[in-house]
Amino acid sequence: MKIVVKLNGRNREWEAAPGATLLSVLRDGPQEPRMTSVKRGCETGDCGACTVLLDGQPVNSCVVAAARAHGHAVTTIEGLAGDPLMTALQAALVEHAAVQCGYCSPGMLVSLYHLLKECRAAGTTPGDHAIREALSGNLCRCTGYVKPVAAATAVAATLAAVGRAEAGAR
Amino acid sequence: MTDFVNNRAGGAQVGRNVTKIDAFKLARGEPVYTDDVHPAGMLWAKVLGSPHAHARILDVDASRALALPGVVDVAWHRQVKPILHTRAGQSHPEPSPYDTVIMPDKARHMGDRVAIVVAETLAIAEQALGLIDVKYEVLPALTDMDEALARTDVLVHEVADPRGIAEGGRSNVAARIDKQVGDVSAALKTCDHVVERTYWLPRVQASHIEPHVAISWLDEDGRLVVRTSTQVPFHLRRILARILELKEADIRVVKPRVGGGFGDKQEMVMEDIVALMTLRTKRPVRLEFTRTEELTSARCRHPQRIVMTTGVMNDGTIIANRMNVTADTGAYGSHALTVQGNTGQKVLPMYPCANIHFQVTCLYTNNPISGAFRGYGAPQGCFALESHIDEVAKVLGMDRLELRKKNHIRLGDTDPLSAKLGEGREGLSRVIRSTGLETAIEMGCDAIGWTRKRPPSAPHLRRGLGMALAMQGSGIAGVDWGAATVKLNEDGSVNLAVGATDIGQGSDTVLAQMCAQELGISYEKVRVLSSDTDLTPFDVGAYASSTTYVSGGAVVKAAQQMRDQLAGVFAEKWACPAGDVVFGDDNVSCGPDKAMTMAELATHALYAAKMQPAATASHMSNESPPPFAAQFADVEVDPETGEVFLRRFVSAVDCGTPIHPGMAEGQIEGAVSQAIGYALFEEVIVDRAGKVKNPNFLDYKIASALDMPEMVTILVPTMEPSGPYGVKAAGEVPIDGPAPAIVNAICDAVGARLCRIPATPERVWRQIKEAGE
Ligand code: FES
Ligand code: FES
Numbered sequence: 001m002k003i004v005v006k007l008n009g010r011n012r013e014w015e016a017a018p019g020a021t022l023l024s025v026l027r028d029g030p031q032e033p034r035m036t037s038v039k040r041g042c043e044t045g046d047c048g049a050c051t052v053l054l055d056g057q058p059v060n061s062c063v064v065a066a067a068r069a070h071g072h073a074v075t076t077i078e079g080l081a082g083d084p085l086m087t088a089l090q091a092a093l094v095e096h097a098a099v100q101c102g103y104c105s106p107g108m109l110v111s112l113y114h115l116l117k118e119c120r121a122a123g124t125t126p127g128d129h130a131i132r133e134a135l136s137g138n139l140c141r142c143t144g145y146v147k148p149v150a151a152a153t154a155v156a157a158t159l160a161a162v163g164r165a166e167a168g169a170r
Numbered sequence: 171m172t173d174f175v176n177n178r179a180g181g182a183q184v185g186r187n188v189t190k191i192d193a194f195k196l197a198r199g200e201p202v203y204t205d206d207v208h209p210a211g212m213l214w215a216k217v218l219g220s221p222h223a224h225a226r227i228l229d230v231d232a233s234r235a236l237a238l239p240g241v242v243d244v245a246w247h248r249q250v251k252p253i254l255h256t257r258a259g260q261s262h263p264e265p266s267p268y269d270t271v272i273m274p275d276k277a278r279h280m281g282d283r284v285a286i287v288v289a290e291t292l293a294i295a296e297q298a299l300g301l302i303d304v305k306y307e308v309l310p311a312l313t314d315m316d317e318a319l320a321r322t323d324v325l326v327h328e329v330a331d332p333r334g335i336a337e338g339g340r341s342n343v344a345a346r347i348d349k350q351v352g353d354v355s356a357a358l359k360t361c362d363h364v365v366e367r368t369y370w371l372p373r374v375q376a377s378h379i380e381p382h383v384a385i386s387w388l389d390e391d392g393r394l395v396v397r398t399s400t401q402v403p404f405h406l407r408r409i410l411a412r413i414l415e416l417k418e419a420d421i422r423v424v425k426p427r428v429g430g431g432f433g434d435k436q437e438m439v440m441e442d443i444v445a446l447m448t449l450r451t452k453r454p455v456r457l458e459f460t461r462t463e464e465l466t467s468a469r470c471r472h473p474q475r476i477v478m479t480t481g482v483m484n485d486g487t488i489i490a491n492r493m494n495v496t497a498d499t500g501a502y503g504s505h506a507l508t509v510q511g512n513t514g515q516k517v518l519p520m521y522p523c524a525n526i527h528f529q530v531t532c533l534y535t536n537n538p539i540s541g542a543f544r545g546y547g548a549p550q551g552c553f554a555l556e557s558h559i560d561e562v563a564k565v566l567g568m569d570r571l572e573l574r575k576k577n578h579i580r581l582g583d584t585d586p587l588s589a590k591l592g593e594g595r596e597g598l599s600r601v602i603r604s605t606g607l608e609t610a611i612e613m614g615c616d617a618i619g620w621t622r623k624r625p626p627s628a629p630h631l632r633r634g635l636g637m638a639l640a641m642q643g644s645g646i647a648g649v650d651w652g653a654a655t656v657k658l659n660e661d662g663s664v665n666l667a668v669g670a671t672d673i674g675q676g677s678d679t680v681l682a683q684m685c686a687q688e689l690g691i692s693y694e695k696v697r698v699l700s701s702d703t704d705l706t707p708f709d710v711g712a713y714a715s716s717t718t719y720v721s722g723g724a725v726v727k728a729a730q731q732m733r734d735q736l737a738g739v740f741a742e743k744w745a746c747p748a749g750d751v752v753f754g755d756d757n758v759s760c761g762p763d764k765a766m767t768m769a770e771l772a773t774h775a776l777y778a779a780k781m782q783p784a785a786t787a788s789h790m791s792n793e794s795p796p797p798f799a800a801q802f803a804d805v806e807v808d809p810e811t812g813e814v815f816l817r818r819f820v821s822a823v824d825c826g827t828p829i830h831p832g833m834a835e836g837q838i839e840g841a842v843s844q845a846i847g848y849a850l851f852e853e854v855i856v857d858r859a860g861k862v863k864n865p866n867f868l869d870y871k872i873a874s875a876l877d878m879p880e881m882v883t884i885l886v887p888t889m890e891p892s893g894p895y896g897v898k899a900a901g902e903v904p905i906d907g908p909a910p911a912i913v914n915a916i917c918d919a920v921g922a923r924l925c926r927i928p929a930t931p932e933r934v935w936r937q938i939k940e941a942g943e
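Sequences listed follow chains P and F, in order.
Anchor point for the first sequence: position 102 equals 102 in the numbering used here, and the numbering is continuous, going up by one each time.
Anchor point for the second sequence: position 407 equals 577 in the numbering used here, and the numbering is continuous, going up by one each time.
Everything labelled a hint here was simulated from the structure, so no lab data went into it.
By construction, the Cβ of each residue, glycine as well, lies at the ideal position given by its N, Cα and C atoms.
There may be inaccurate statements among the hints.
Estimated spans, in silico, between C-beta atoms of each pair [said to hold, decoys possible]:
(1) F:Ala237 - P:Ala81: 42 to 52 Å
(2) P:Gly56 - F:Gly300: 16 to 26 Å
(3) F:Pro931 - P:Thr158: 37 to 47 Å
(4) F:Glu317 - P:Ala130: 47 to 57 Å
(5) P:Ala81 - F:Thr584: 30 to 40 Å
(6) P:Arg12 - F:Ala419: 39 to 49 Å
(7) P:Thr158 - F:Ile253: 57 to 67 Å
(8) P:Glu133 - F:Lys863: 26 to 36 Å
Now the stretches of chain P that chain F is said to cover, found in silico as 3 or more residues with beta-carbon under 8 Å [what the hints assert, rightly or not]:
(9) 42–48
(10) 109–122
(11) 145–159
Please model the complete structure; the sequences and the hints are all you need to start from.
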């Protein structure tokens with residue numbers, strides 16, 4: 001089955017077996033390059049390690065049929081390299097020692113990226129609970145979520161400050 | 171005994187939160203884990219697991235599978251030489267029984283290996299599993315510990331093994347321990363009170379988010395390379411060589427980044443499978459467990475039943491303590507003796523008394539395999555002991571904090587049990603040379619508000635506080651050791667090669683900090699290469715909380731040796747005494763007018779003095795200084811539903827002087843999150859037939875961001891003389907105390923003692939009803 005997907009801004013044509021998941025075509029190949037940021041943790045939609053953006057919305061790619069992505073835009077961490085918000089989130093996670101084994105980190109980053117983008121559009125700042133809600137689908141066995149939440153809180157605060165400064169300048 | 175003296179080099183590379191050296195590439199999703207790089211021509215392996223908990227595998231007909239296009243090979247027991255071994259990743263000679271072969275002729279748990287398929291794609295391998303015809307002779311399944319103990323007509327392991335099954339061929343006992351200090355029975359008769367209770371601990375699973383995964387291939391010299399997500403590369407090489415009848419020289423084990431281990435990867439869960447199939451097919455082979463396989467066929471924390479008997483005087487003096495453990499090792503005896511040994515050894519010394527009795531009966535059953543999991547037996551023992559101390563306090567009518575304060579271990583105390591219980595052999599006695607326990611208790615009490623309990627947040631809720639004390643070890647005394655090699659390059663950078671295994675805890679970073687500290691350079695100048703059996707010196711691996719304390723000692727020694735060499739080169743060039751050469755801030759100097767940068771000195775050494783500054787050092791400690799933790803829970807309970815709301819959790823931990831405080835905190839926070847699951851919701855449920863009822867993350871729930879309470883983590887620094895820079899271990903001790911602290915808090919809230927965890931709403935509700943009657 002041929003599938004055409006806009007992957008990280010570029011049109012790609014994939015050969016996928018019927019029933020193949022989006023995770024398996026992104027991660028397992030044979031098409032190169034494999035998107036190694038997209039991790040496999042459970043394949044039942046419960047751990048969030050495989051989180052990607054499908055038309056801008058976070059989904060667990062292990063429970064999305066590859067065929068469902070036909071004609072749609074898929075974004076992974078690889079495609080957000082250089083994006084200022086993603087870069088800020090990555091730096092915050094690293095500086096807060098929120099990356100231990102790092103296996104959950106890309107999934108978490110995609111979820112947080114989406115949250116902060118939405119909040120910025122709405123002009124709001126997510127609190128502790130909103131951040132935890134956004135992360136609730138991303139299981140992490142290493143950190144107890146303390147430092148990831150702190151990192152996200154710090155980025156949210158910076159965004160809010162920037163937002164205020166911009167509003168002031170206007 | 172080695173005591174580390176303070177180093178001479180300047181600049182603070184240790185004791186600060188530097189950037190974890192691998193963090194950025196992990197956060198960018200770069201191809202750095204085992205499965206991220208696939209060699210050309212790679213085959214995909216799948217395991218056909220037994221549908222029966224106990225069955226002889228009489229015959230396997232793979233002809234239909236082999237006829238499927240894309241299937242390359244199928245292997246089963248008749249084609250694979252049965253060499254007994256243990257899959258436990260422990261030092262040679264392993265204290266675990268040799269009860270395992272690569273492909274068994276009898277399945278001993280549901281999911282046990284029946285056949286291995288390799289195919290050109292994963293989908294074909296999966297499809298082929300359904301085309302393998304197996305003839306089984308189904309045997310009665312032993313899934314209850316007491317039944318396994320009582321029956322000798324059904325044996326999980328029928329063959330007596332000369333290497334360590336306690337009662338091989340005669341009973342289902344995999345390991346027994348019976349050690350006594352003093353005379354507990356006699357002492358109990360003299361006590362004012364004897365308190366006896368029984369505690370039950372569930373089967374839980376490590377649930378690292380990266381499953382077990384391994385890829386092997388033959389390199390251009392025909393040597394076997396195994397790239398794997400492991401905690402024990404060197405043990406793996408040794409075990410693989412023996413069971414595949416290869417030379418160690420012809421095997422290379424490489425550990426890339428690992429997505430969590432927690433003990434579950436201190437075990438050869440699958441490396442023998444990929445290696446076997448590579449040797450058979452001469453092609454690269456990859457195997458990764460599904461989450462279901464993780465929960466049925468990886469390793470679990472040993473379920474235990476613990477009977478605690480404590481003799482105490484009216485004034486609260488503990489006179490005698492007996493801990494009697496019955497444990498379920500499941501189908502194989504990996505870590506059976508040593509995990510259970512730790513249940514007493516790491517726990518009972520908390521309250522030193524003249525009479526201590528520790529008994530273990532560890533049984534084979536047809537349940538999933540138990541093994542190593544962070545804490546390694548101590549969480550079970552700590553739950554029993556610290557629940558029990560609250561019960562003793564209640565009997566005495568004494569404050570539970572006061573009872574602990576009166577009896578807990580102190581500086582200079584010895585721990586007589588350690589001498590009797592080593593790693594499966596006579597151990598070494600232990601004297602406490604550093605402890606921050608008193609301070610931890612004080613700071614923890616303060617942080618939780620021990621003396622000013624908050625009112626419930628709603629009228630229908632009850633509020634309670636609970637606490638627990640814990641201690642662990644720093645490596646295995648006299649057994650664990652590691653080595654490090656340092657080498658200086660002309661730009662002043664250093665290659666540090668260590669066998670030590672970074673599994674996400676950040677040991678590469680911490681070891682780089684220690685190396686830099688000794689050489690007076692910035693940690694960014696250190697390039698760490700870890701865990702490649704071809705290129706790095708030996709290390710036992712990442713377990714028993716040993717890496718910073720033990721492997722760190724090797725790094726410090728190697729760096730010191732290279733520093734001495736450099737001092738000699740410098741002294742010769744500048745004609746000054748080598749003893750006066752000072753290292754710091756990337757510079758080397760002797761007095762105000764003789765100075766070079768490290769890069770200049772390195773260039774001089776390589777091109778003028780024509781010598782390679784380099785050193786290799788090994789380190790072992792005959793001590794295993796315990797880190798200490800005082801942990802506190804603030805809970806609310808809804809007595810109508812039995813629901814428990816964990817509001818606040820405080821950990822005050824003495825892990826010596828941390829090298830990287832942020833990562834030490836991270837160890838504590840992660841351990842607490844795992845232990846919260848242990849206390850409140852995690853349990854691998856196995857039915858009477860031996861089937862795991864909840865083999866996925868929906869039904870086997872681990873803590874999410876929404877399940878976590880407000881967390882307070884306090885580091886209580888102490889200076890441990892036997893640890894480099896005063897360090898002790900941090901990885902395990904904080905996982906011990908949360909379950910008893912939470913359950914003690916529930917009891918404080920509603921007066922119901924839960925002797926069985928997890929404290930699910932149903933159990934709490936029932937216990938409240940019983941307590942009310
Ligand atoms: S792998 Fe997709 S949610 Fe776990
Ligand atoms: S950092 Fe290891 S799972 Fe989150």
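Tell me the numbers of any earlier hints that the structure contravenes, in ascending order. 2, 5, 10
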